[in-house]
Amino acid sequence: MFKSQINPVLFVGGALLLATPASGQDAYGGSTAGSVRYYAGVGMANIKAGEYVYSGDRKISQLDWESKGVVTGTLGGDVDIGYAWKLKGRLDVGLGGNGYMEDRDWLSTSYSGWTHQSLHPDTELDRYINVLLEAEKALVDTGATRLGLGGGIGYTNVKWTARGGSYIYSDTTLHDTVGNFTDGLKGITYEQRIPTVFLSANAEQKIGALTLSGVLRGGAAISYKGVDDHWLRNLRFTDTLDPAPMVGATVTADYKILQSASLYVGGDFQKIFKTRGDAHVRHTVTGASGSFEDGAAADFQSITLSAGVKGSF
Numbered sequence: 000m001f002k003s004q005i006n007p008v009l010f011v012g013g014a015l016l017l018a019t020p021a022s023g024q025d026a027y028g029g030s031t032a033g034s035v036r037y038y039a040g041v042g043m044a045n046i047k048a049g050e051y052v053y054s055g056d057r058k059i060s061q062l063d064w065e066s067k068g069v070v071t072g073t074l075g076g077d078v079d080i081g082y083a084w085k086l087k088g089r090l091d092v093g094l095g096g097n098g099y100m101e102d103r104d105w106l107s108t109s110y111s112g113w114t115h116q117s118l119h120p121d122t123e124l125d126r127y128i129n130v131l132l133e134a135e136k137a138l139v140d141t142g143a144t145r146l147g148l149g150g151g152i153g154y155t156n157v158k159w160t161a162r163g164g165s166y167i168y169s170d171t172t173l174h175d176t177v178g179n180f181t182d183g184l185k186g187i188t189y190e191q192r193i194p195t196v197f198l199s200a201n202a203e204q205k206i207g208a209l210t211l212s213g214v215l216r217g218g219a220a221i222s223y224k225g226v227d228d229h230w231l232r233n234l235r236f237t238d239t240l241d242p243a244p245m246v247g248a249t250v251t252a253d254y255k256i257l258q259s260a261s262l263y264v265g266g267d268f269q270k271i272f273k274t275r276g277d278a279h280v281r282h283t284v285t286g287a288s289g290s291f292e293d294g295a296a297a298d299f300q301s302i303t304l305s306a307g308v309k310g311s312f
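Quick note on numbering that gives the first Met the number 0: the sequence shown kicks off at 0 and runs consecutively.
For the record, the hints were derived by calculation from the structure and aren't laboratory data.
Do not take every clue at face value.
[What the hints assert, rightly or not] Quick list of in silico lysine-lysine cross-link-like pairs, DSS-like style, CA-CA up to 30 Å:
id, residue 1, residue 2
1, K255, K136
2, K273, K47
3, K224, K67
4, K224, K255
5, K273, K255
6, K47, K255
7, K58, K270
8, K224, K270
9, K58, K255
10, K47, K270
11, K270, K185
12, K205, K255
Construct the entire structure; sequences and hints are all you get.
Quick look at the structure:
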């Protein structure tokens with residue numbers, strides 16, 4: 000069953016930080032105010048999202064979207080602004096990748112298994128962007144050890160298009176209709192737009208030329224939306240989802256090779272837990288529309304591994 004750009008979410012904790020000394024050693028004995036570090040790298044990501052349709056408490060449809068081994072580019076940096084505060088930013092962009100989508104429907108109340116299924120190995124990842132902006136204050140900073148708390152915002156945008164594929168439908172009897180869609184035929188496009196807010200706990204330890212760091216994030220996805228275009232039916236489904244719990248983590252190891260240059264490897268994880276919401280459907284040709292309270296749900300997860308270079312000035 001063929002059953003979705005980016006909202007700027009660039010308002011962050013800079014407004015929380017009003018006082019910045021022009022120069023001099025930080026009062027906590029750490030980095031000098033104004034110190035800037037930056038990094039760039041490439042990596043691979045596994046990304047998946049769930050799209051769900053409900054009738055009351057009964058799930059009637061589920062679409063599982065997934066891409067593995069997506070090539071990503073990463074840019075980021077941080078700056079010490081004084082009084083033990085640090086501003087940090089990171090951008091991950093998918094540089095291309097394929098995917099897979101499975102679509103299942105449960106349209107019979109007398110049968111517990113799926114009644115309709117379609118498989119779409121010709122699924123393309125159209126877009127993946129992940130942005131994090133954070134303000135962090137050190138509670139401990141000895142020069143070798145730094146522990147801090149912070150908070151910030153993020154934004155994730157992911158979009159897939161499924162083409163072709165095979166299907167098993169239940170028209171008269173269970174699973175009685177089997178066939179294939181035309182190769183390359185655009186069936187469904189699905190997009191998730193995920194603004195987040197979070198609190199964070201940060202740790203960093205320097206051991207000679209090696210620096211180990213980690214961040215734990217916990218918060219919520221807000222104004223979470225899904226947009227689904229069913230091209231063969233001329234239907235657009237827009238899901239307005241309730242706030243959803245979010246957890247994330249980043250770990251990094253970097254090794255200094257020059258006074259102001261390092262090599263690094265790192266990993267990043269983000270999970271948006273499943274949440275319900277309202278669905279709105281519109282026929283893109285006639286304009287006819289309807290809404291279904293609590294008729295939608297979604298979730299999201301990404302894991303990224305990257306390596307690259309860091310610099311400072």
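Okay, the hints, checked on the actual structure:
1. K255 with K136: This hinted pair holds, its Cα atoms lying about 24 Å apart.
2. K273 with K47: holds, 12 Å
3. K224 with K67: holds, 23 Å
4. K224 with K255: Measuring from Cα to Cα gives roughly 42 Å; hence the hint is violated.
5. K273 with K255: violated, 41 Å
6. K47 with K255: Violated, at about 35 Å.
7. K58 with K270: At roughly 22 Å apart (the allowed maximum being 30 Å), K270 and K58 satisfy the hint.
8. K224 with K270: Holds - the C-alpha atoms of K270 and K224 are around 15 Å apart, at most 30 Å.
9. K58 with K255: Violated. K58 to K255 sits at ~53 Å, over the 30 Å cutoff.
10. K47 with K270: holds, 10 Å
11. K270 with K185: holds, 29 Å
12. K205 with K255: holds, 11 Å
In summary, the numbered hints that this structure violates are 4, 5, 6, 9.
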